[in-house]
Amino acid sequence: MKRLVVLSCVALAVCLPSCHKPQERQAQPVVTEDPVQVDAHTAEVVAKINSVSAYEVPDLALQEDEDYAETTEDVRPFRHVEPYKEHFLVQMEYTGPGRAIPEPEHVDTVKVGFIGPIMSTVSVATGGKSHEEPLGIKMLQGARLAIEEANASGGYLRRSIPFELVVSNDNGLWGASGNEIVKMAYKDHVWAILGTIDGANSHIAIRVALKAEITMMNSGDTDPTFIETNIPWVFRCISDDRQQGYLLVDYLYRKLGLDRVGIIRSSNRYGRFGVREIVDGSRRLGHPIILEMAYQLGLDDFSLQLERLKEVDVQAIVHWGDAREGALILNQMRQMGMEQPYFACDRCLLDEFVTLAGPNADGVICTSPWNPTHTDEKYLAFRERFRERFGEEPETYAAHAYDGMDMILWAIQVAGLNRAKIRDVLAHRAQPWEGVTGDIALSAALDDVGEVYLARREGDRWQYYSRQDLGVPREYTPLRDRTEAAMAQVSRQ
Amino acid sequence: MSRMNSRRVCLVCIAFSTSVATAKLPYVYTDWEHFTVKDGLPNDHVFCVKVDGPRVWVGTENGLARIDKPTGEVWSWQEKDGLPWQVVSSIDVNPKTGEVWIGLFGGGLARFSGGRFDHWHQLNSGLVNDVVYGVTVENDNVWAATTAGASRYNTVTGEWTIYTEKNAPMEEIWNYGVCYNNGKVYLGIWGSGVLEFDVATEKWKDYLDPDGEMEIDLYRDDGVVHVITTGVSYVDNILWVSSYFGMCRYDGRHWRGYYERETGLPSDFGNAVKGRNANEAWFATDKGIGVVTDFASDTWVTYTMDPNTHEGIAVVSRNKDVLEKVRSPQGIPHNYALWVEFDGNDVWVGTSKGLGHAKGTGYYPGLKDRPVHTPSARNLVDARQAN
Numbered sequence: 001m002k003r004l005v006v007l008s009c010v011a012l013a014v015c016l017p018s019c020h021k022p023q024e025r026q027a028q029p030v031v032t033e034d035p036v037q038v039d040a041h042t043a044e045v046v047a048k049i050n051s052v053s054a055y056e057v058p059d060l061a062l063q064e065d066e067d068y069a070e071t072t073e074d075v076r077p078f079r080h081v082e083p084y085k086e087h088f089l090v091q092m093e094y095t096g097p098g099r100a101i102p103e104p105e106h107v108d109t110v111k112v113g114f115i116g117p118i119m120s121t122v123s124v125a126t127g128g129k130s131h132e133e134p135l136g137i138k139m140l141q142g143a144r145l146a147i148e149e150a151n152a153s154g155g156y157l158r159r160s161i162p163f164e165l166v167v168s169n170d171n172g173l174w175g176a177s178g179n180e181i182v183k184m185a186y187k188d189h190v191w192a193i194l195g196t197i198d199g200a201n202s203h204i205a206i207r208v209a210l211k212a213e214i215t216m217m218n219s220g221d222t223d224p225t226f227i228e229t230n231i232p233w234v235f236r237c238i239s240d241d242r243q244q245g246y247l248l249v250d251y252l253y254r255k256l257g258l259d260r261v262g263i264i265r266s267s268n269r270y271g272r273f274g275v276r277e278i279v280d281g282s283r284r285l286g287h288p289i290i291l292e293m294a295y296q297l298g299l300d301d302f303s304l305q306l307e308r309l310k311e312v313d314v315q316a317i318v319h320w321g322d323a324r325e326g327a328l329i330l331n332q333m334r335q336m337g338m339e340q341p342y343f344a345c346d347r348c349l350l351d352e353f354v355t356l357a358g359p360n361a362d363g364v365i366c367t368s369p370w371n372p373t374h375t376d377e378k379y380l381a382f383r384e385r386f387r388e389r390f391g392e393e394p395e396t397y398a399a400h401a402y403d404g405m406d407m408i409l410w411a412i413q414v415a416g417l418n419r420a421k422i423r424d425v426l427a428h429r430a431q432p433w434e435g436v437t438g439d440i441a442l443s444a445a446l447d448d449v450g451e452v453y454l455a456r457r458e459g460d461r462w463q464y465y466s467r468q469d470l471g472v473p474r475e476y477t478p479l480r481d482r483t484e485a486a487m488a489q490v491s492r493q
Numbered sequence: 494m495s496r497m498n499s500r501r502v503c504l505v506c507i508a509f510s511t512s513v514a515t516a517k518l519p520y521v522y523t524d525w526e527h528f529t530v531k532d533g534l535p536n537d538h539v540f541c542v543k544v545d546g547p548r549v550w551v552g553t554e555n556g557l558a559r560i561d562k563p564t565g566e567v568w569s570w571q572e573k574d575g576l577p578w579q580v581v582s583s584i585d586v587n588p589k590t591g592e593v594w595i596g597l598f599g600g601g602l603a604r605f606s607g608g609r610f611d612h613w614h615q616l617n618s619g620l621v622n623d624v625v626y627g628v629t630v631e632n633d634n635v636w637a638a639t640t641a642g643a644s645r646y647n648t649v650t651g652e653w654t655i656y657t658e659k660n661a662p663m664e665e666i667w668n669y670g671v672c673y674n675n676g677k678v679y680l681g682i683w684g685s686g687v688l689e690f691d692v693a694t695e696k697w698k699d700y701l702d703p704d705g706e707m708e709i710d711l712y713r714d715d716g717v718v719h720v721i722t723t724g725v726s727y728v729d730n731i732l733w734v735s736s737y738f739g740m741c742r743y744d745g746r747h748w749r750g751y752y753e754r755e756t757g758l759p760s761d762f763g764n765a766v767k768g769r770n771a772n773e774a775w776f777a778t779d780k781g782i783g784v785v786t787d788f789a790s791d792t793w794v795t796y797t798m799d800p801n802t803h804e805g806i807a808v809v810s811r812n813k814d815v816l817e818k819v820r821s822p823q824g825i826p827h828n829y830a831l832w833v834e835f836d837g838n839d840v841w842v843g844t845s846k847g848l849g850h851a852k853g854t855g856y857y858p859g860l861k862d863r864p865v866h867t868p869s870a871r872n873l874v875d876a877r878q879a880n
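Quick mapping for you: the protein sequence lines, in order, are chains H and G. Take the first sequence: its position 417, counting from 1, is numbered 417 in this note's numbering, and each next residue is one higher. Take the position in the second sequence, starting the count at 1, then add 493; the result is the number in this note's numbering.
These are computed hints drawn from the structure, not numbers from a lab. Honestly, I wouldn't trust all of these hints.
Have a look at the derived ranges for each label pair, beta carbon to beta carbon [what the hints assert, rightly or not]:
1. H/Glu434 with G/Gly705: 36 to 42 angstroms
2. H/Val81 with G/Asp545: 44 to 50 angstroms
3. G/Lys861 with H/His41: 50 to 56 angstroms
4. H/Ala47 with G/Asn660: 33 to 39 angstroms
Chain G regions said to be covered by chain H (calculated; three or more residues, Cβ under 8 angstroms) [as the list claims (entries may be wrong)]:
5. 516 to 528
6. 700 to 714
7. 731 to 743
Positions of the beta carbon are idealized from the N, C-alpha and C atoms, including for glycine.
Bound conformation, chain H alone (with noise of 0.2 angstroms):
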C-alpha cells in the first residue's frame, strides 16, 4: 500500500510541471533531431546507444589493436617472454546505465569543463614551485577559442543554446584537481572536461571521472601511465611522451650510431616518467643510459649534475624538463666546455628555452608530438584565427587544446546532453579526428598513436623531421610479429 501511495505521489510530481505550467515547456527550444551531418559509421554508432535501455549495453565493435601504442618489438618489455596477459589491446567498454538518462528539459547553457594550471600557486605536485601557468594559459586560450567559435555557429545546435566554458585551474597541493574535478560534475553539472597538464593531477582527475562518469580529454600530458589506466571515460589527443622517446631512441642508436647517453632531467613525475621509455628503450637496443642524474625545480646552479655527467664522458645528454631548466643547463654544459648534442623534450620547443639559451640553442633537437610548421589549410587558417583572437601564436597546447575541445563539442553536438553517450560517439569514432594538429588517430587504449616528430634549431627556427625525414621510419623496427616470434622460441628450444 506505501509503495502504492509513493508511486501515485511520483507521478502526481512529474504530472504537475506539465498540468500548471505549460507556457514554460513552449518556451523551450524546440529541439532539433539530427542537427549535424555525420558519417554512416557514426550514424550507426548514434542509432544504437539511442536504442538501449538502461540495463543493456549497445553492440558497438571494440576496437582491437596488435600492438600497444605500436610499440616495436625490439623494444617490448620482456620481448624474449612471451606475457601471461597484455593489456590495452581491446577497447574498454562503458556497461553503466547512464545511456537511459534523458537529456535535461531545462538548460540555459551547455557547459563544457576546463581544468589547468592557470594561476600561479605553490605546488607540491610539481616539485614545490609553480611553473606550468605559461602552457595552461596556451591550453585555455585554444579551449576558449573553440567554444567562441562554436557559439558563433550556433551554439549548441539541437537547442540554439550557447556553449559556456567552466573554468578551473589545478595547478594547487596534490588532491586539488580532484576537488575540482567533483565540484565540476556534480554542482557545474558540466556534460565533459578538458584537462589537464601535470601528470599527477591528471591521475587524480581521471579517478574521479572515472567514479562520476564524465568524458575527460586531455591535451596537454604527455605521461604515457595517463592514459595506462584503463578507465573508458579518458581520451588524450595528444601523442605521449612514449611515442616521442622511441623516436628519439631510434634516432640515437639507429641514425646517429651513438652508444654513451646520459639524461639530466626534472625531479618531478614529468621529468621522471617522461624518460622511462628513453631509459628502458636504451636499454633494450642495447645501449643502456649511462647516468641518469635529476634536479629539483627551480634550481639555478646544476654543476653537480653536469660535473658528474661529464665524468662518465657520455656522447649526448638528453634533458626532460621544462624549457627554463633546459637552457640554462645547455648553457652552463657550453660554460664547462661540454660540446655534446643537446636533446630535449618538447617543452623546449617554448621561446623561453630560445630566449634564454641564445645561440646556444642552435643545433639543439627536441621531441615533437606535432608539427606547427605543416601547411595545411585548416592549420593555417586556425593560426589566423588564433593570432586575430589572442595577438600571439598557437603552440602545441593551444592547438592540441583546440582540437581537443573541438572533438569534445562534436561529440555533445552528435550525442546530445548525455555523458554517456559524449563518451561512446568519441570512442567509436571510425576515422582518425582532423584536427589543427594533423590527423588524431586514437589506440584502443583512446590515446593519440599519431606521428611524432624531432625538432632542430636551425638558424632562427625549428625545424620539423618525420621518422621518414629522418631515415628511421616505422617499417625499420617492424611491428611484433608473433608468430615468428614464437616460431623462433620453439625453434631455441
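Given the coordinates of chain H, work out where chain G should sit on it, guided by the hints.
Just chain G now, kept in the frame of chain H:
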C-alpha cells in the same frame, strides 16, 4: 530525512530442479530482492553498503540510506538533511560506539551519531584530501583512503596522522580501498599496488607488480597482478585484491592471479572485492559479480542479470567449464556492480542501478553434493508470471 515504510517484496523462489545427477557444487543465490529510489533510496547509484546488525547503511551518489531489516523501513539523508556532501563513497561502523563513519567523494569525512553529522575536511582537520574513496575503523582509529594519501584519525585523542610518499612506501599516493582486520590495515592504491600496515609495530610493507610494467602481466602468480588496485579485503589471513586488470589472492606466501579468460570472472575490471573467508571472495565488476566459491578447486559462480528480462543468471564453472546454469526471477539489479557486503548468510550487492539483497537460506560454504539444476523454459515462464 525521509522514510518509507514496510517494504515487502514477494519473491517466489523457484526450484528449477529437473535434475537427475548430483555433483560437488557451491551454493547459488537465487532469492534476490531489489531496493531503488522507488523503495526509498535517495539515488539508484549505490557506491557502498555496510551491514551493522539489523541495519544496512547504503551510500549513494546522492545521499545516505539506512534499511532497517526487521521492519523493512528505508530512511534516507541528503544534503538538505545535514549530510555534508551528496556523494557517499564508503561507510564503516565503529563496533564499540555504533558511530557511522562516512567517506564523502569530494566532501571529506563525516560521522553520524545521535542523529547528528560531524564533518571533517582538509581545511578543518588532518584529513589529507576531501576526495575520500574508502573508510575503515581500526580499533579507536578511523582510516580514510583519499586521492592524495591516507589519513588516520584517533577518535580518543583527536590526533591525525597523514600517510603519503613521505612516510609510507607509496610510489603514488592515490589511495582507493582500505580495510582492517586482525591487526593489519591494507590500502589498495592506484599506482602503488597494496600496502600493509601492521598496527602493533606501525611498520609498512608494500606489494607491487614484480614486472614493473603497466601494459603486461609477465607472470600471473608472481605478485599483485597490477599496480592499479581498487579494493582490498583481508579475512582468515588471506588478502583478496581487485584491480582494473584482474584480481588476486595472497596467503602470505603465494599469490594467485585471476583473469576473466580462465575463471568465472565476468570481467577483469574490478570495482571492489569482499572476502568471505579464505576460500570465498566476491568481486564486483563492470559486467557482473564473480565469486570464487572454493579456492582449492577454483570453482566459481558468476552472477549477472539478463538486461532484457531482468532475470538473474548464475553460472557455476570450473576452469571455464560450465557445470550449472541457474536462472531466477531476479538477480543482481544491474551488471555494473560496485560493492559487495556480507550479512550472515545473506549478501548485499551495490550496483549503478539499485541495491540487491541475496537471501542465503540454506547457504553452505565451499562445495557440497547436490543435484545439478537444469532449468526448463517452462520454469522461467512460470517464474515470470509468479513475480
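- Query: Against the structure shown, which of the earlier numbered hints fail to hold, in ascending order?
  - Reply: Hint check: 4 and 5 fail, others pass.
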